[in-house]
Amino acid sequence: MSIEPLAPPKKPKRLPVLPQRGKLSMFEIALFVACLVLIAVELSQNLRDVMVLTFLFAGLGLAWNIAGGYAGLISFGHAAFFGIGAYTSTILFVSAGLTPWIGLWCGGVLAAAAGALLALICARLRGPFFILSTLAAAEVVRIGALNWSSLTGGPEGLSILPVANVANMVFVSKTAYAVLMLAYVVFVYAITKALEGSRYGYYLFAVRDDEEAASAAGVNPLLVRTAAMGLSAFLTGIGGSLFAQYFLYLDPTFVISPELSFQFALLPAVGGLGTAIGPVLGSFLITPLSELLRSYLGNAAAGLHLVIYSAGLIVVMLYFPGGLAAALNRLGRGWKRKP
Amino acid sequence: MTTLGQLVISGILIGGIYALMSIGLTLIFGVLRIVNFAHGEFLMLAMYGAWAVTTLLGFNPYVAVLAIVPAMFLFGGIVYRIIISPGLDKPHLVVVFATMGLSIFLQNVALMMMTADLWDVPPIFSHAVIVGALRFKAELLLGFLITILCTVGLQWVIRATYLGKAIRATVQDGEAAMLMGIPVPRIFLITFAGGSALVGLAACVMMPLFSVFPTVGLNFVLIAFVVVVLGGMGSIEGALIGGICIGVVQSLSSYYVAPAFGQMFFFILFLLVMIFRPNGILGQKGAATIGIND
Amino acid sequence: MTAILEVRNLSRAFGSLMAVNDVSFNVEQGELLGLIGPNGAGKSTLYNLVAGLLRPTRGEIVFDGQNVTGWKSHRIAQVGIARTFQIPKPYRQLSVVENVMLTAFQQERTVSGAMALAEATLADVGLSEYLTAPVGTLTVGLLKRLEVARALAMRPKLVLFDEIMAGLTPAEIGVMTNFVALLPARGITVIWVEHVLYAIMKTATRIMVLNRGELIANGPPAAIARDPAVVKAYLGEEMTIA
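Residue numbers (our numbering), protein chains in the order written: chain G, 1 to 339; chain F, 1 to 294; chain A, 1 to 242.
The hints are simulated quantities; they were obtained by calculation from the structure and are not laboratory data. Treat the hints with caution; some may be incorrect.
As the list claims (entries may be wrong) - According to the in silico footprint, chain F covers these stretches of chain G (three or more CB under 8 Å from chain F):
#1 120-132
#2 254-268
#3 274-281
The beta-carbon is built from N, C-alpha and C at its ideal position, and this holds for glycine as well.
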């Protein structure tokens, strides 16, 4: 049955194009190729180390972004999931001889369970209350890990014997680790993109922007929050296992520290919340910058790299709320408009 | 019995100190509806200030209040102008991350200037206060008295003065207050600066009891968050009750269980309060479940 | 005709205040039911009860033969009740078409299908030119249209409109009234809360009047306009204002 449409209002002047959610852009493909080239070229051990960390943190930022950027669940407790992943695969490997290739999935699943549980516990909390509760929950996990010495080795930590072997996921060459971490980034990136291009991605956006409207559209907000937190924690837990395999040493004070949680959150915040490319850009900018500043400035100026980094963060947050991704987007459009 | 009494009263006294360092946080939250994640670093900064006045100039830390409180008021005002005010009309994430950045910034400036060493000031009183079989550090007792005076004074300011009325009007309905001619941005500025000044006061009281180092803020800010949430965010008398609860829980559990678990207890307590009484013991209804500053 | 919605003895208390007090009514399939009443009469509470945002203190809601009392809002939406919000609640960081897609997912599970349905619905309400506009740039009138499009994109059996005329120009009110009047012919039953009384008097098949949480009148528009209880409720309100 045909119906007379409402009279169209005055035409808008100029409208943005619809974001191509879930599709890869030329820029993303070029960035990936550049990463492969960087892996292939000869680099010093020091730079290789920076590269491994940059990839690892890009993956972790992406994982955090699924909860924080897409679903609006700002968590300052993700280090707990990271720690759960790292400890699970390491304990299974050290005491039961299970290869980390399998252990990392176990760690991911445990972390996902913890993430879903946290989302349920904090079901009614919003804004700063949610943030503070995630922070407190991670502290409970950290203190627990510190005191449950029979399982975690307590403050002395836990070491993985450095027997280089593919089955052990221990390598001599840092290039191998770089490949491993890049594979992790690609894995998390692919999940993010798939999510973004499906209706589930829209469910996350809806719950983030307006929960009442989302539920009036038939979306179950609690289910969405729980699933988003679970997925984000799962991917963070896997990152934790990879970290353990690279450092071959774990202690609760570092792997479950609030500082680490802040780090996970800051990379997407600087790069662009709720965009797939954001956390990657954030990590590519910040991780090498802070690592290089740290190694060049050394002890002469302990903390200077973080001073520069945090000042940058404040400026980005206040004056470029869309982060690097939005700035890049504007730049890209500027180029296209030129004849 | 004596042990229990000693533990409970020590817990209450230390809880008073926790309350004092949390009042600024809760005041700022109550009026501006933001959480200052750099609150702990404000405390750290003020503690360095109190240490410098005491050690370098040779004054008593309680005299340092005269310098530190105005200095922190000024510092708070500057931070408000540069960081908080531009972020207020943006999504609440912006203020969260901007104050987070400020926290890292201040920590590392302190690390560069003061190194990671621990600094402290010599004890002020050579004798403990003895009541029957109970003994207390005089600094703790004095700190508790200052907290009580401060709470009562602040309540008076809010109830009886013009400034207090303006603050209450702003809390109830910022837009209406603005229409009534209350300069809301100025109230925000004064509240933020005032909250920072209270942190300065807390720092001077705490300096004789604790060492200062660049990350000292993180230890205390977590306690402050727990105190504030427990008491209901935005409630001043709530902060006092919350502080005392935390102090007693910590004191008892460190003695009867283990010091490390003492800390864990209050985070669990915090989560339990969040789950079952998200508005705190005395808190305002619905504050935790409606998105703040969205 | 069969009743699509049956509300029986519905009550909701806030403390000692009865916001909705023992309200019973039926809505027939294909009706355009106007719901009016002075401010604070309980219209929004009644909507929130039917849409599942509030749980009733007492009473039952039966929709399409199914008892949906106490169901959560998303399940209510899934069985076919759509609503608009009095104060528009768009997803701020999404474009216009994406806002509508979210409800369209009820009908079309794929992104492309939902987008096609959303575009068609937006064409209905005259927002075709605004598909990619960020919602922050829309005027109040356009946001109201967006609300309507969002509700209709899920192809509901019953839609609850909440003051979709507020803030519109007289010309816009005219087209919107005609638009709403044609919805029952498309198989959508409408309940409509509105303060623009002439619009509702012109189009509704039946009008219910709520005052202080109670149903005080229920009948065809012409009878309602003459009902002394209704006149008193409205004039009483004006006198307290003056």
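Hints breached by this structure: Checked against the structure, the only hint that fails is number 3, while the rest are satisfied.
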